[in-house]
Structure formats: structure tokens, C-alpha cells
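Chemist: Below are the chains, spelled out letter by letter.
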Amino acid sequence: DAKTTQPNSMESNEEEPVHLPCNHSTISGTDYIHWYRQLPSQGPEYVIHGLTSNVNNRMASLAIAEDRKSSTLILHRATLRDAAVYYCILRDDTDKLIFGTGTRLQVFP
Amino acid sequence: EAGVAQSPRYKIIEKRQSVAFWCNPISGHATLYWYQQILGQGPKLLIQFQNNGVVDDSQLPKDRFSAERLKGVDSTLKIQPAKLEDSAVYLCASSLLRGGTGELFFGEGSRLTVL
Chain A
4 DAKTTQPNSM ESNEEEPVHL PCNHSTISGT DYIHWYRQLP SQGPEYVIHG LTSNVNNRMA
64 SLAIAEDRKS STLILHRATL RDAAVYYCIL RDDTDKLIFG TGTRLQVFP
Chain B
5 EAGVAQSPRY KIIEKRQSVA FWCNPISGHA TLYWYQQILG QGPKLLIQFQ NNGVVDDSQL
65 PKDRFSAERL KGVDSTLKIQ PAKLEDSAVY LCASSLLRGG TGELFFGEGS RLTVL
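These protein sequences, in sequence, are chains A and B. All residue numbers for the first sequence refer to the working numbering, where the first residue is 4 and numbers rise by one. All residue numbers for the second sequence refer to the working numbering, where the first residue is 5 and numbers rise by one.
The hints are simulated quantities; they were obtained by calculation from the structure and are not laboratory data. Please note that a few of the clues may not be correct.
[What the hints assert, rightly or not] Under the rule of at most 25 Å between Cα atoms (straight-line distance), these lysine-lysine pairs were calculated in the DSS-like manner: (1) A:72 to B:48; (2) A:99 to B:82; (3) B:66 to B:48; (4) A:6 to A:72; (5) A:72 to B:75; (6) B:19 to A:99.
[Unchecked claim] Estimated spans, in silico, between C-beta atoms of each pair: (7) A:8 to B:87: 38 to 44 Å; (8) A:31 to B:70: 30 to 36 Å; (9) A:80 to B:22: 33 to 39 Å; (10) B:82 to A:72: 38 to 44 Å; (11) A:69 to B:80: 45 to 51 Å; (12) A:42 to B:11: 18 to 24 Å.
[Unchecked claim] To spell it out: a stretch of chain A is covered by chain B in this simulated footprint if at least three of its residues, at any positions, have a beta carbon under 8 Å from a beta carbon of chain B; those stretches are: (13) 14 to 23; (14) 60 to 71.
Using N, Cα and C, we set each Cβ at its ideal position, and we do this for glycine too.
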């Protein structure tokens, strides 16, 4: 399974943008880049996914490097409710979702 | 739309006892997953079902863990006998689409403490 590398933790102030980086240098051409987040005492929840092009949805934006070896999850205005562990995951056509240790995001008022 | 249901939410047992966790996926979702999440770690995939067939159980400790998905809907994960290191949250997830694009929906998990 292709691996991803994320910082262990990041901090942000409320209402500021947050850029969460992810490196995936061994990504294959058919791997999708998925982001999930896990709030305290809850199961993970889907945030966004992409293949080659940048993606936007109501929760976040995903910026994918041209060589696909890295990506960045962008939260445009962080709120206290965005404090969570964010997982960057490469998903192939076997449907498995293999989690790493993720980035713990702290948001300060 | 109802989410993934899991029970019990919490369970405390002594080592060498047995325990079972139940999962009801979202209606119509053919793929079902069980994950184990130890405190401070990311979830680890234990087993993946497609309908009532096992797709991947390579990380399931088969000497003590078993799982089934009768009729391709509900699923049960059993641990017998439990060890101290089995203390974790057991997460169930389901997915509708295949091929790398489908979103996984997770339940709230079942927290197991083995004393």
C-alpha cells in the first residue's frame, strides 16, 4: 500500500485559513487521494477526494501537485469545530482505506 | 438517511473472556469494513466484506478474532479469548461505490476495555 507522510500536529487561529500538507511520493497513476477527519470520540468522516485536478466542496478544498507527489487540504476559515485529526490516504481500486497517524489540528479562539 | 449503527458503545471485560460487536451498515451499501483503533493511532483495517463474501482479512488475528456478514447486511465481529492488547475502539464502516472513489461512512465505534 502506498504511504503518505503528514506532520504530527498543526495549530491555527479561528477564522484563519489552514493548509494541511501531505506527501505521497510513491503514488501510482490510479490512486485517489482521500482526506478524512476524526473528531474526538467519533468515527472518521469523509472530507474530500481527488485524482489529478484540484477539488472544492462545502467542507474544504484539495490542491494536488502537478506531479501528484503531494497534496494540500485547505480549510478556508477554521472554526473550533474543525479541531480534529486529519488523515491523508491513498486509495486504490481495491477499495481499502489504509490510515496513517494523521495530523492533529488545534484551533485556538 | 440513517448512518452506520454499532453496538454496544462500551464494553468492559476481563482477559480471556469473549465479546461480540454488531454493525448495521447504511441500507444498500455492499461493502463493509471493520477497523481497530488503538488509542493514539490511526484506524487499522481488520476485515473487508463485499456483500457476504470476505475481500480482505489479512490483518485479522484469526486465532482469536472472527467476523461474519450474514445475508450481506449486518455484521458481527467476535473476539475469543480477549487479550489486554485488544483494548481499542472497533469501528465499522460501509461504502456504496467501488473503485477508489467511494466515500466510507463510519459508525461511532464500540470501545472495548480488557482488564
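Chemist: It remains to establish, for every hint, whether it holds in the given structure.
Modeler: Cross-check of the supplied hints:
1. A:72 to B:48: holds (24 Å)
2. A:99 to B:82: holds (21 Å)
3. B:66 to B:48: holds (15 Å)
4. A:6 to A:72: holds (11 Å)
5. A:72 to B:75: violated (41 Å)
6. B:19 to A:99: violated (31 Å)
7. A:8 to B:87: 38 to 44 Å: With a Cβ separation near 31 Å, residue 8 of chain A and residue 87 of chain B fall outside 38 to 44 Å, so the hint is violated.
8. A:31 to B:70: 30 to 36 Å: With a Cβ separation near 33 Å, residue 31 of chain A and residue 70 of chain B satisfy 30 to 36 Å, so the hint holds.
9. A:80 to B:22: 33 to 39 Å: Given about 48 Å between the Cβ atoms, the range is violated.
10. B:82 to A:72: 38 to 44 Å: holds (42 Å)
11. A:69 to B:80: 45 to 51 Å: Check passed, 46 Å falls within 45 to 51 Å.
12. A:42 to B:11: 18 to 24 Å: Given a distance of about 20 Å, which is inside 18 to 24 Å, the answer is holds.
13. 14 to 23: It is violated: at least three residues are needed, and the region 14 to 23 of chain A offers just 0 whose Cβ sits closer than 8 Å to chain B.
14. 60 to 71: It is violated, with 0 qualifying residues against the three required.
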